[in-house]
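Could you slot chain B onto chain A? The hints should help.
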Amino acid sequence: MRTTEIDCRDLPCPRPIIELAKALPSVEVGDQLAVVAHDPAARHDVPAWCRMRGQEYVGEERAADGAPRYVVRRVS
Amino acid sequence: MSSTSEVYLDSASSSPLHPAARDTLLAALDRGYGDPRRLHAAGRDARLLLDNARAVVAQCLGARPDEVGFAASGTDAVHRGLLGLTAATGRDGIVHGAVEHSAVLHAAAWRPSPAHRRIPVDALGHVDLAAMAAGAREAGVGAVALQAANQEVGTVQRVDDLDLPAGVPLLVDAAAAAGHAPLPRRWDALTASAHKWGGPAGVGVLVVRRGTRWTNPFPGDDGLDQLGGFPDVPAALAAAAALQAVLAEREEVAARQHALVDRIRAAAANLPDTEVVGDPVARLPHLVTFSCLYVGGDEIVSALARRGFGVASGSACTASTLEPSHVLAAMGALTHGNVRVSLGRDTTAEEVEAFCGALADEVGRIRAEAGL
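Chains as they are written, first to last, in UniProt numbering: chain A, 1 to 76; chain B, 1 to 372.
Excised from the complex, chain A in its bound form:
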């Protein structure tokens, strides 16, 4: 399983979710996408996006620099 990271550190809401949606087709089903974002809305909106789009929310981690990193698994 591979994880592709997208750097949305400096992007305001809702750009991290837009970048997530755009990146999804580039990963295989079963692989993961990790969104790194300081935007406080991303903490709520990445899980909500997964629920609305039928993808799996894996959880929140920290990037090496401490930035929040939200991990999604493509399931369809």
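The hints are simulated quantities; they were obtained by calculation from the structure and are not laboratory data.
Hints are supplied without guarantee of correctness; some may be wrong.
Here are the simulated DMTMM-like pairs of lysine to aspartate or glutamate, each with C-alpha atoms no more than 25 Å apart in a straight line [as the list claims (entries may be wrong)]:
1) A:22 with A:60
2) A:22 with A:61
3) A:22 with B:298
4) A:22 with A:5
5) A:22 with B:369
6) A:22 with B:353
7) A:22 with B:361
8) A:22 with A:56
9) A:22 with B:275
10) A:22 with A:10
11) A:22 with A:7
Relative to the frame of chain A, chain B by itself:
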């Protein structure tokens, strides 16, 4: 008459004056200037108007006149009500729903206590009443706060089903519901805000049941008569007149608004990747919230304003704190692309149809510009 041709769909933030309030306010401005504590003619006149306002508000809210006080705003009423309950019980802990108005959250934060508890909600915004009742039984809890209905998503809470232990008073924040929906019956203190029902801004209402232990938590005399100093007597009377008028027409207005909101809910749900938030049935008649994926809250509010529609948003980019709405977050709802629509008493079906059309256009345009 408004200075613009904007269709105002933000009555839940602040409502235009009801015609009954306007007439009463203008008449009372000339008569209600005196100090109601004085024994001269002007003072007795002001006392008469103030007592009349209390009697009318009491009757409208199912209370006694001596249980009603006027505060500076709904927020001020919540602060005084909640902190006055904990001051009287001597226990600082406040148990409250996660989706209460920020006035409740701020009151709790102002008097930190290890006994504070924030009770979660389900996806429709209903507070977990069993968890709230259990939280109220913990040591150090001095008061419980549960709203009548939610100010952002409209969900009506099942307040009368809440089973609290004796000696732990309940404050019901009725700011979003008063004048719009039937109010709960079981409470010890109740707060509301006149400009949410068509009264003037600057009039909050705090009702404290006789027999409930409450004391003024802020500097000044005890009692409900002069919360925060000299009362605005004409505004209080206008608030009372508006509430009385609104309740007299409530069933007819609410039925009309309920159907119009159903229309907006259906139109929003029909948009791709759009989620309508809140209880579809047990809800306020005049208010609906939805969130559109990939759309900025500030973008859609500005776009709709350019099209002539005034709406609110709970999205982070529209908040002074740049934090998303704690209500949407607690419900697990999408926080960006959020739009709250709240109808006035005279919003028409034609205005709602035009709004639905503009909404579909603008959401589609914003998404296309984002490359989606």
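Results of checking the hints against the structure:
1. A:22 with A:60: 20 Å, holds
2. A:22 with A:61: 21 Å, holds
3. A:22 with B:298: 22 Å, holds
4. A:22 with A:5: 13 Å, holds
5. A:22 with B:369: Within the cut-off at roughly 13 Å; holds.
6. A:22 with B:353: 33 Å, violated
7. A:22 with B:361: It holds: about 22 Å lies between the C-alpha atoms, which stays within 25 Å.
8. A:22 with A:56: 16 Å, holds
9. A:22 with B:275: Given that 25 Å is the threshold and the Cα spacing comes to 20 Å, the pair holds.
10. A:22 with A:10: 17 Å, holds
11. A:22 with A:7: Given that 25 Å is the threshold and the Cα spacing comes to 13 Å, the pair holds.
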